[in-house]
Amino acid sequence: MKWVTLVMVLSLAIVIFAAQIEIIVWTHEDPNRTPLEERYIQEFEKMYPNVKITRVTYPSAKIREVVLTAFAARKGPDIFNMEIQDAYPYIVNERVAPVNLSALGLRSFDELKSLYVEGALDAVTYQDKIYGLPLELTNWCVFVNKKYFREVGLDPEKDYPKTWEEMMQVSEKLVIREGQIIKRRGFDFRYPYYLTFFLPMVEQLGGTLFSEDGKTAIVNDEAWLKVLKFMKDWGPNGKNLGSPTYTAARKEFNKDNNTVAMCLSGLYQIDRIKAENPDFYNSKEWMVVPFPVFKDAVKDVRCNYYGHYYMVNAESSKEKQEWAWKFINYMLNHPEDYLLNVGLIQPKMSLIESDTFKNYPYAKVFLQDMEKAHIVPLHPKGPQFEQLIKEAIESVMLTTATPEEALRVLKKKANELLKEE
Amino acid sequence: MRTLERKKAFWGFTFTMPAIVFFAVFSFYPMANAFWTSFFRKELLSLKPPKFVGFNNYIYLFRSEDFWNSMKATAIFAFGTFVPMVVFSLVFAALILTRKRFQKFLQMAYYSPAVLSSVVAAAIWLLIFDPRGLSNQFMNFLFNTNGVDYHWLSNENMLRLATIIVYFWKYVGYFTIIFVAGMASIPRSVHEAATIDGANRWQDFWYITLPLIKPTTLLVSVMSMIQCLRTFSTQYLFVQGGAPLKPIDVITLNIYNTAIRDRQIGRASAMSVILFLIIMSFSYLQMKVSKTENITY
Numbered sequence: 000m001k002w003v004t005l006v007m008v009l010s011l012a013i014v015i016f017a018a019q020i021e022i023i024v025w026t027h028e029d030p031n032r033t034p035l036e037e038r039y040i041q042e043f044e045k046m047y048p049n050v051k052i053t054r055v056t057y058p059s060a061k062i063r064e065v066v067l068t069a070f071a072a073r074k075g076p077d078i079f080n081m082e083i084q085d086a087y088p089y090i091v092n093e094r095v096a097p098v099n100l101s102a103l104g105l106r107s108f109d110e111l112k113s114l115y116v117e118g119a120l121d122a123v124t125y126q127d128k129i130y131g132l133p134l135e136l137t138n139w140c141v142f143v144n145k146k147y148f149r150e151v152g153l154d155p156e157k158d159y160p161k162t163w164e165e166m167m168q169v170s171e172k173l174v175i176r177e178g179q180i181i182k183r184r185g186f187d188f189r190y191p192y193y194l195t196f197f198l199p200m201v202e203q204l205g206g207t208l209f210s211e212d213g214k215t216a217i218v219n220d221e222a223w224l225k226v227l228k229f230m231k232d233w234g235p236n237g238k239n240l241g242s243p244t245y246t247a248a249r250k251e252f253n254k255d256n257n258t259v260a261m262c263l264s265g266l267y268q269i270d271r272i273k274a275e276n277p278d279f280y281n282s283k284e285w286m287v288v289p290f291p292v293f294k295d296a297v298k299d300v301r302c303n304y305y306g307h308y309y310m311v312n313a314e315s316s317k318e319k320q321e322w323a324w325k326f327i328n329y330m331l332n333h334p335e336d337y338l339l340n341v342g343l344i345q346p347k348m349s350l351i352e353s354d355t356f357k358n359y360p361y362a363k364v365f366l367q368d369m370e371k372a373h374i375v376p377l378h379p380k381g382p383q384f385e386q387l388i389k390e391a392i393e394s395v396m397l398t399t400a401t402p403e404e405a406l407r408v409l410k411k412k413a414n415e416l417l418k419e420e
Numbered sequence: 000m001r002t003l004e005r006k007k008a009f010w011g012f013t014f015t016m017p018a019i020v021f022f023a024v025f026s027f028y029p030m031a032n033a034f035w036t037s038f039f040r041k042e043l044l045s046l047k048p049p050k051f052v053g054f055n056n057y058i059y060l061f062r063s064e065d066f067w068n069s070m071k072a073t074a075i076f077a078f079g080t081f082v083p084m085v086v087f088s089l090v091f092a093a094l095i096l097t098r099k100r101f102q103k104f105l106q107m108a109y110y111s112p113a114v115l116s117s118v119v120a121a122a123i124w125l126l127i128f129d130p131r132g133l134s135n136q137f138m139n140f141l142f143n144t145n146g147v148d149y150h151w152l153s154n155e156n157m158l159r160l161a162t163i164i165v166y167f168w169k170y171v172g173y174f175t176i177i178f179v180a181g182m183a184s185i186p187r188s189v190h191e192a193a194t195i196d197g198a199n200r201w202q203d204f205w206y207i208t209l210p211l212i213k214p215t216t217l218l219v220s221v222m223s224m225i226q227c228l229r230t231f232s233t234q235y236l237f238v239q240g241g242a243p244l245k246p247i248d249v250i251t252l253n254i255y256n257t258a259i260r261d262r263q264i265g266r267a268s269a270m271s272v273i274l275f276l277i278i279m280s281f282s283y284l285q286m287k288v289s290k291t292e293n294i295t296y
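Top line first, the protein sequences correspond to chains A and B. Position one of the first sequence corresponds to residue 0 (numbering that gives the first Met the number 0), numbered consecutively onward. Position one of the second sequence corresponds to residue 0 (numbering that gives the first Met the number 0), numbered consecutively onward.
It should be emphasised that the hints constitute simulated quantities derived from the structure, not laboratory data. Where is the CB? At the ideal position from N, CA and C, for every residue including glycine. Don't take every hint at face value.
Said to hold, decoys possible - According to the in silico footprint, chain B covers these stretches of chain A (three or more CB under 8 angstroms from chain B):
#1 56 to 64
#2 173 to 182
#3 202 to 209
#4 243 to 249
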């Protein structure tokens, strides 16, 4: 009798395990997000015991190549997320599946769109279908350490830089050097994300990356030249206010260790300050101000925003796809948790209109800037264009190249790239 | 007798089989595959079948400014590292062997950086080359200056020098140990005979040691040249750390960016085939130039 029971139990276990569906999720490292999503996994697995979710994290800089090589070998994860400019080619190449509306309990894509802020799903809309759900839409504003402002006789509330020209002047007051070596930067850019912060600076002066018909790259030489000149002045061969070779300003900012007074970052930085340096967080010696605009700007455009969208592998089985969308929907149905625990803004109407969002520190500053901004340009060759802009900026900042030379090379290479089949 | 030889051959073949299979699967197949892929236009993400383009990928590369920049960057790095690496590893080996005490300790000390992963080594040196790091402090101390930034990561030439220093530091110990082994295999009696004949230390090194370690010198020079041409992690990490790409955009880094950033695997394969041919021809040339006769004692 004992043997019969044992065999039955074993058979049952085999049947259960055989029927279990495993969903693999690859996402970027975010220490504040991990416990939250691990909790959702546990809850989801409890609700659906036949589903097992395996969440794997990779460093932000590494996930792009890991996902790409996996997809190239046709062994991609069931669910993944990346910055939208990197994920966009997956949509164009039909490597990701459209949102499964029935898994979300919806009837149409229009109904799905109505749940989000206008335009929030544009980046993942392709040929009338929607291919991802936003984990976050992020724009960057300027974080200010008020203590260092006061130290040099500035009133942070009034004297924070509103224009890029003021940014340079204020930074010159804040910078501390020992000879040529900078001990404290006033502000520094967020290298090498040039499509995010540099391009809007060009657009403020009337330049664009592509012409309206999309046939020409690098439009309006004057605007590009002025911003390249600004970057040259900023770098070690100019006024020596910062450089891509120093440690990222946003990392130093959290330490409050007299190495940087201002940095560019997203709303999530607030939670990172809280986690890394609670004393600094509680001191209230920091604040967030809008992305500056050039004095003679022709367009009031702020820092580009980018998005992380959860997407589903088109080569996963239909059953897995359905469960994947169900799980994504389950996680993303907690936008307030993501805001309060991780500082991520999910562009859901329910969140943006909530008191939680309205009362969140500096959410208004970010939202107002986002209203004047647009998403980073999405192009199948986006990363290559960013690389070309990087080369141009670094050549003026770190070598003796003039802005005119750098622009000539950039224009030539970018247009060649655009025309390439 | 024949049966014994056959038996020996069978067991010899059996024992080498795993290595042959391993080489075939993990080295030969990828090489052949890269060669084949280099004749196709293939977008890594596209599900469309690759398009045969003949030698177009090669033609594109030979016309590309970036490719020639990579050739230049690789040549500067390889020769800038290879020559000092071979010379200094030989000198260090000779110095170690002249020590009567601490020989083992010195060998260990020289070898230790080779144990570190290249990524960790590059990350450590990135901190050292930070404008506020040890390198500037050391140079300022050395030249008795104050606050001079030597632009280790931002000036084209300094950046090249920085990558050379990292590589030299990491591998010089490894080749030193190979030279030590080569020198130690020369019987003492040969040196003693030279001393009896009136040779001083320098003559002993120049006329006895150096000719007798010719096979070791060839091995070290071929290995270090291959190593230098295949450099990747240092340049990759330095660029990630904010250094400009152009001066250190060595071929391997260009292959990586073409495949991963641009997703053009056919073009990247063509570049890797070119690199393979360069390495092969350098190795062949080195072997030809330093034709070695077998040395027996």
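Verdict on chain B covering the region 56 to 64 of chain A, where coverage means 3 or more residues with a C-beta closer than 8 angstroms: That given contact holds, which follows from 3 residues of the region 56 to 64 of chain A lying within Cβ reach (below 8 angstroms) of chain B.
Check of the region 173 to 182 of chain A against chain B for coverage (Cβ-Cβ below 8 angstroms, three residues minimum): holds (count 7)
Coverage claim, chain B over the region 202 to 209 of chain A, checked by counting residues with Cβ within 8 angstroms (three needed): violated (count 0)
Outcome, coverage of the region 243 to 249 of chain A by chain B - at least 3 residues whose beta-carbon is closer than 8 angstroms to one in that chain: holds (count 4)
Checked against the numbered hints given earlier, this structure breaks only hint 3.
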